[in-house]
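So the protein sequences, as listed, match chains U and A. Going by the UniProt record's numbering, the first sequence opens with residue 1, and the numbers climb by one from there. Going by the UniProt record's numbering, the second sequence opens with residue 1, and the numbers climb by one from there.
Keep in mind that the hints were calculated from the coordinates and are not lab data. Heads up, some of the hints might be wrong.
Any copy, or any two copies together, can satisfy a pair, since identical chains are not distinguished.
Unchecked claim - Within a straight-line C-alpha distance of at most 27 Å, the following computed DSSO-like cross-link-like pairs (lysine-lysine) qualify: (1) Lys110 with Lys350; (2) Lys200 with Lys349; (3) Lys115 with Lys275; (4) Lys350 with Lys146; (5) Lys212 with Lys77.
Number of protein chains: 2
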Amino acid sequence: MNWQGLIKEYAGLLPVTENTPALTLHEGNTPLIYFPHLSEELGIELYGKYEGLNPTGSFKDRGMVMAVAKAKEAGSKSVICASTGNTSAAAAAYAAKAGMKAVVVIPEGKVAMGKLAQAVMYGAEIVQIAGNFDDALTMVQHISEKYPVTLVNSVNPYRLEGQKTAAFEIIDQLGGQAPDILAIPVGNAGNISAYWKGFKEYAEQKQTSLPKIYGFEAEGSAAITKDEVITAPETVATAIRIGNPASWKLATNARDESGGMITSVTDEEILAAFKTLPAKEGIFAEPGSCASIAGVYQQVKAGTIAPGSKVVAVLTGNGLKDPQTAIDQITIDPVSLPNDEEAVTDYIKKTVGK
Amino acid sequence: MNWQGLIKEYAGLLPVTENTPALTLHEGNTPLIYFPHLSEELGIELYGKYEGLNPTGSFKDRGMVMAVAKAKEAGSKSVICASTGNTSAAAAAYAAKAGMKAVVVIPEGKVAMGKLAQAVMYGAEIVQIAGNFDDALTMVQHISEKYPVTLVNSVNPYRLEGQKTAAFEIIDQLGGQAPDILAIPVGNAGNISAYWKGFKEYAEQKQTSLPKIYGFEAEGSAAITKDEVITAPETVATAIRIGNPASWKLATNARDESGGMITSVTDEEILAAFKTLPAKEGIFAEPGSCASIAGVYQQVKAGTIAPGSKVVAVLTGNGLKDPQTAIDQITIDPVSLPNDEEAVTDYIKKTVGK
C-alpha cells in the first residue's frame, strides 16, 4: 500500500540496473480524477491526470528522479540545469534527497526571484550570468561535457524515460485500456513524446490499446502548430512558453503515429479553463496545465472529439505553483456586511440559496 | 490501483450509509516518506506523513470530504465556515465537486486577500463582517442553526472522522504496526485527536499497536502546554496560531492515554526545521507542519525520544501554500558571473565540487 516511487514500481520498464540507487520522493501514483460536471457539459467522459500532486508539484518529478538517480549511479556529485521554473525545483529536490548538489544557471536580471524560492528552499545554488537564456543553456551544456556535473535539462535522455510512466498509470487506472484521446499541453514537447513512448511500450508488453494524442500549444508559442521557430514566445501559460521545442520531431511523430493532432489554444481559452476547472471540479492546476482542458473544449466544439469519447486531460502542475496568476485573474472583492445575523442570512439567501 | 478516496476506501470504518454520496477529489493515500539524512543525524528512524499532497494541499481535505458528503446526504445546498486559510480552501473545493456552494465569513480588514485566492478559485463566496474572528465564528454557528446551510468548521463532527484515516494509512504503510512515536503539530487540536481515534479503532479491529502521541504547539500559542487560553496568539506558523483549541480535552486525552506529551516549540525551532527539511530531504512543508520536525529535534535532544525509535512526523500542509514565508526566510541572492565558461566552472568547483 505504500507506493515505492517510480524506480522501484516500474523497475522492469525503466533503464535501471542493480546499481541504480532507489532514489524517491514517492513521485508518481497521481490520481486520475473523473470530472462529472465538465463531462456532462461536454457530452464526453472526461478525466484529469493530476500531476500537481507529485512531490514538488509538477510532472517534472517523474523525469528528474530518473535523471538524478542515473547521475548518482554514474558517480556525479552534482547536477546542473538552466531553468527558471518547475525543472529547477525538481532538480534541487531530488539532488537534496540523493545527497547531491544542484546548480541552477539563469540569465541575470531576467528572472523574478520569487519563482526561484522553491529551488532555493531545496538547497539549490543559483548562478546568474551576464547573458540571455540561450547563453545559460549553452553554458550548462558545455560545462557538463567538461566537468563531472550532470546536465539534467530536457536533453538528458532519462527525463523522458521517467515521464513515460504516467501513461502506464493511466492505463492501469482505467482498468487496462488507454482512453480514446489523451489531451496534453505542449511546450518543450518532451512530455507528449514521453506519454506516446509509454503507451506504445505498454501496448507491446500488455496488448493494451493506444490513444489518439491531442497536443495543445499556447497560441503565442505555437512553434509546432505553425511549423516555425517562434523567436519571442509569449503566453500567460509560462510553463509552456517555449518557441523552439527540444523534442519537436518526437512530438510530431507521436501526433502522426497516433492519428492525433497538435494545435494551439489562445490565452483567453487557457484562462477560461484555468478558472472553470477549480470552480466546477475542485481541482486547481497551473495555467500551463489548463491548455489541455482548453483544447478539449475547443475540439469538442470543432467536432474532432466525438460525443461519448473517453478523454484524459493531463494537468501538468499544481495551481499553488503560480499564485500570482490566480490573484491577477480573479476579483477578490468580498461583500461587506454589518455584524448582524439577519443581514448575513438575507445575503446568503439571496445569492447562494436561490 | 486507482485510489478511490476516503469514503470508498474506508467505508467500513467511517459513518457512511448507502445514501452517502461517493464524493472525492482522491484525497488520502499520501506518501509516508523515509528521511535518511535526518534519521542518521538524530539516531532514530524518521518518516514524514506528507499531507501536503492532498488535493487542496493540506490534511483538511480528509475531514472536509466527510463533512461535505454528509451535508449533501442531509439535503444541504451549501456549506459555511469562518476561516482564512486551509479550511476555507478545502470547503470550497469539495463544495464545488459536490455541486454545492461554499460561503466563507471573515472579519473585515483583517485578512490578506492573497490568502483567500485559493478558496475564491474554487468558487467560494466571501463575506466580510464588521467584527473580529470570534464574531465571524459565532455568526456562522448561529446561521447554520437557523438556515439550511451546513457548518463545516471544526465543530462539525465528521471532520475528525475523516481525519482519523491518516492513522490507518500510517499503520498500513509501516506494514501493520504503529510507529513508536507520532509527532504532530497542535493548533486547534482536532488533528491530534483524530489520529488517536484512528490508532485506537485500528487497534481494536486489527490488533495493531498504539504509538505514543507527541503534540507540538507553537510557543506563542501554547494554550494546552501552559494550560491557559492565550488571548493574543502569535507565531510564524499561522496554521497553528490558535489560542483556545476547540478539541482541547480530546487532545489531552490522546496525550494521557498514549503516555505521550504536548509541549511547545519556538518560532526559531520551527523556522530551522522549515529550512532543514527541504534542504536535506527534498520535502517542502508549510511552517505549521514543521512544528512536528522541530519537536522531534527538541525531544531527541531532551532524551525523551530514545535512539533507534521509529518516529512518524505529520507534515500537515504543502510549502507552496505559504510562499511568502519561504521568501522571507531565505536569501535569494545569486552570485553574478560573466558569460564565461571558465569563470562559471571555477565557481562551481569552488563552491559545489569541494
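To see whether the hints hold, each was checked on the structure:
no.: 1; hint: Lys110 with Lys350; in the structure: between (48 Å within a copy, 25 Å between copies)
no.: 2; hint: Lys200 with Lys349; in the structure: neither (54 Å within a copy, 42 Å between copies)
no.: 3; hint: Lys115 with Lys275; in the structure: both (22 Å within a copy, 17 Å between copies)
no.: 4; hint: Lys350 with Lys146; in the structure: between (69 Å within a copy, 16 Å between copies)
no.: 5; hint: Lys212 with Lys77; in the structure: neither (41 Å within a copy, 39 Å between copies)
In terms of the numbered hints stated before, the structure departs from hints 2 and 5, listed from lowest to highest.
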